[in-house]
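So you can see what is in the structure, the chains are spelled out below.
Protein chains: 2
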Amino acid sequence: MTETRYDVIGVGNAIVDVIASCEDAFLAEHGIEKDAMTLIDEARASELYAAMGPGREISGGSGANTLAGVASLGARGAYVGKTAKDQLGDIFRHDLTAAGVDFDTAPLEGGPATARCLILVTPDAHRSMNTFLGASTEFTEADVDADKVAAAKITYLEGYLYDRPEAKAAFARAADIARQAGRKVALTLSDSFCVDRHRADFRELIKGRIDLLFANEAELKSLYQTEDFDAALEAVRADTAVAAVTRSAKGAVIVAGTETVAVSAEPVDTLVDTTGAGDLFAAGFMVGWAGGSDLEVCGRLGAMAAAEVISHYGARPEIRLAELAAERGIALPG
Amino acid sequence: MTETRYDVIGVGNAIVDVIASCEDAFLAEHGIEKDAMTLIDEARASELYAAMGPGREISGGSGANTLAGVASLGARGAYVGKTAKDQLGDIFRHDLTAAGVDFDTAPLEGGPATARCLILVTPDAHRSMNTFLGASTEFTEADVDADKVAAAKITYLEGYLYDRPEAKAAFARAADIARQAGRKVALTLSDSFCVDRHRADFRELIKGRIDLLFANEAELKSLYQTEDFDAALEAVRADTAVAAVTRSAKGAVIVAGTETVAVSAEPVDTLVDTTGAGDLFAAGFMVGWAGGSDLEVCGRLGAMAAAEVISHYGARPEIRLAELAAERGIALPG
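Chains as they are written, first to last, in our numbering: chain A, 1 to 334; chain P, 1 to 334.
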């Protein structure tokens with residue numbers, strides 16, 4: 001096998017987050033599904049934006065958040081995703097590049113605007129996401145750089161990509177290239193509603209082509225249509241080589257063949273905004289896994305990265321995670 | 001005198017802040033004047049932006065921050081300033097309107113982009129600002145709505161407006177309308193470098209046409225070209241009806257005729273980003289002053305609003321300041 005240039009390459013929807021605080025009553029009044037990611041069209045995006053409070057714009061996108069975390073841990077990351085040629089697209093590009101991630105997907109010209117996600121954060125720190133996919137829907141197979149994917153230890157795919165046929169094709173192409181190059185393929189289920197939309201596809205995919213699966217408890221239960229967490233865990237154990245399942249304050253459980261590892265959540269002084277918790281868990285876990293760390297260390301890196309990101313607004317790390325790992329005495333690989 | 005529709009109308013440069021953390025070495029390497037507001041052109045803005053880390057975009061602009069604070073305190077505010085017809089302009093407009101401020105200056109079409117301020121925050125929480133004025137330079141007398149200015153108890157003007165001849169003309173027009181309508185005119189000196197650029201003009205203006213002056217210690221010393229704070233204070237006492245001088249952790253001193261009131265700074269748990277401290281002090285002070293509160297209450301409202309805004313990134317309040325005042329037992333007028 002040839003040398004790798006990246007530890008992780010992510011493929012995902014390139015999105016700028018617009019984050020505002022609100023009361024629970026606002027969600028009810030505007031018919032927003034709490035804790036979910038709901039796809040919205042441009043008219044609904046305008047209507048919701050007009051109604052919501054002052055925001056802060058911070059680059060987001062599940063996979064891009066993960067890659068920002070990978071880079072913050074000192075590992076080598078690349079990203080593939082579609083922005084438009086507009087101010088929000090420039091912001092997305094700058095922020096990911098400035099975070100140290102290799103990102104050069106050509107921006108879309110003359111189509112819809114850069115995707116944005118209107119995130120309403122309630123006083124309990126839960127986030128409810130409303131995504132206008134904009135330019136990210138124009139993401140196609142042609143945007144997947146085969147050389148880069150083949151040069152990455154892990155190709156990391158967002159379940160959200162399944163929401164659009166073109167993006168799904170790009171997803172499949174990236175997975176194929178990675179497998180043919182003898183690399184690993186990781187998938188995050190993204191959201192329990194996303195699992196609902198694509199359950200049969202996801203189950204087939206996970207059995208055949210995924211080496212490492214990320215899911216939270218709700219997503220895993222939805223995938224196997226059971227309320228019994230242990231049953232879902234045994235099902236996923238049979239389907240994939242490694243599955244890392246996050247359970248919010250209860251930490252995470254990792255299953256890999258006959259092995260089962262439980263990892264505690266890191267305590268957080270002030271929980272501000274849970275956006276990005278899963279994305280950053282995946283970042284920490286993959287940096288460990290790409291470097292050959294044992295599953296417990298992978299899980300601890302994930303828990304550490306998740307704890308940092310939920311202590312502030314925005315879904316990307318605000319401090320250098322590699323330094324945080326050193327302070328915590330968690331050995332980074334390499 | 002007719003009824004008022006606003007407590008404060010602000011006239012200022014409409015700017016979106018791009019806030020990133022950096023080490024002091026970054027400022028030195030890129031020739032950035034620490035703690036100052038430096039005007040930069042588009043080429044320099046692109047160069048600095050490319051070099052700086054991931055940012056968060058939060059609507060700013062000194063006067064607009066003050067008006068967001070006025071509205072957060074439950075008072076009636078309006079704003080006059082120039083954005084472009086672009087995504088950052090839409091963000092600025094949304095955020096100020098969503099904060100409860102009346103803002104309807106027509107956006108500029110076919111000219112430069114919405115102004116942005118690249119703010120580098122060092123680990124000591126100090127901010128160094130680099131402003132590309134963009135569309136805000138196209139702000140002219142015609143943008144000043146005479147009816148609105150005449151309907152406001154206080155017209156609040158940014159010293160920064162003096163940096164551009166067209167904006168200065170708008171400033172003068174707003175001040176004239178306010179005085180002719182029998183209203184009060186307030187000015188903030190904005191920045192000690194700004195005072196350096198316009199010292200003679202500011203001194204003439206303050207003597208003749210300003211009822212309430214906001215300055216920090218450095219600005220006041222620069223205005224009167226003295227290192228002796230007490231001498232500067234006596235000079236400004238002779239020149240204006242009321243001057244409120246902020247001194248960072250030392251609090252504020254208010255002089256008005258023979259009266260002198262000292263106000264302590266509010267303690268802050270974690271100092272994060274000092275951007276907006278002066279803007280929010282002015283907000284609290286003016287809400288008190290417009291409502292006839294005594295100078296000590298005005299000062300305490302200012303100190304409270306400033307303390308909130310320096311406890312997080314971004315120069316606008318993140319919580320409802322009227323509720324904070326109630327918790328603190330500071331009586332809001334009206």
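Hints in this document: simulated from the structure, not taken from any laboratory.
The beta-carbon is built from N, C-alpha and C at its ideal position, and this holds for glycine as well.
Heads up, some of the hints might be wrong.
What the hints assert, rightly or not - Far from chain P by the CB rule (all over 12 Å, computed), these chain A residues:
no. : residue
1   : Arg44
2   : Ser72
3   : Thr97
4   : Ala113
5   : Arg179
6   : Pro267
7   : Leu324
Said to hold, decoys possible - Some but not every residue of chain A turned toward chain P, in silico, with C-beta under 7 Å:
no. : residue
8   : Leu39
9   : Arg56
10  : Gln87
11  : Asp95
12  : Ala99
13  : Gly100
14  : Ile206
15  : Gly208
16  : Ala241
Going down the list of hints, with the structure as the test:
1. Residue-level check passed: Arg44 of chain A sits 16 Å from the nearest beta carbon of chain P, beyond 12 Å.
2. Some Cβ of chain P comes within 12 Å of the Cβ of Ser72 of chain A; the nearest lies about 10 Å off, and the non-interface call is violated.
3. The Cβ of Thr97 of chain A sits about 9 Å from the closest Cβ of chain P, inside the 12 Å cut-off, so the non-interface label is violated.
4. Chain P draws Ala113 of chain A into its interface by the beta-carbon criterion, the shortest separation being 7 Å against a cut-off of 12 Å.
5. At roughly 32 Å, the least C-beta separation between Arg179 of chain A and chain P is larger than 12 Å, which holds for a residue marked as non-interface.
6. No Cβ of chain P comes within 12 Å of the Cβ of Pro267 of chain A; the nearest lies about 18 Å off, and the non-interface call holds.
7. For Leu324 of chain A, the non-interface assignment is confirmed: its Cβ lies about 15 Å from the closest Cβ of chain P, beyond the 12 Å cut-off.
8. Restraint check, Leu39 of chain A versus chain P: the minimum CB separation of about 21 Å is more than 7 Å; hint violated.
9. With its C-beta approaching chain P no nearer than about 5 Å, Arg56 of chain A sits inside the 7 Å limit, and its interface hint holds.
10. Taking 7 Å as the C-beta contact cut-off toward chain P, the hint placing Gln87 of chain A at the interface holds, the least distance being around 4 Å.
11. Annotation: interface hint on Asp95 of chain A holds; nearest CB of chain P at approximately 4 Å, less than 7 Å.
12. The beta carbon of Ala99 of chain A comes within 5 Å of a beta carbon in chain P, closer than 7 Å, and the hint placing it at the interface holds.
13. Interface hint status for Gly100 of chain A: violated, as the beta-carbon distance to the closest one in chain P is roughly 9 Å, over 7 Å.
14. Among the interface hints, the one on Ile206 of chain A is violated; its C-beta lies about 32 Å from the nearest C-beta in chain P, farther than the 7 Å criterion.
15. A distance limit of 7 Å between C-beta atoms decides the matter here; for Gly208 of chain A the minimum to chain P is near 37 Å, and the interface restraint is violated.
16. Evaluation of the Ala241 of chain A hint against chain P yields a violated restraint, the C-beta minimum of about 33 Å exceeding 7 Å.
Violated hints, listed in ascending order, are 2, 3, 4, 8, 13, 14, 15, 16; each of the other numbered hints is respected by the structure.
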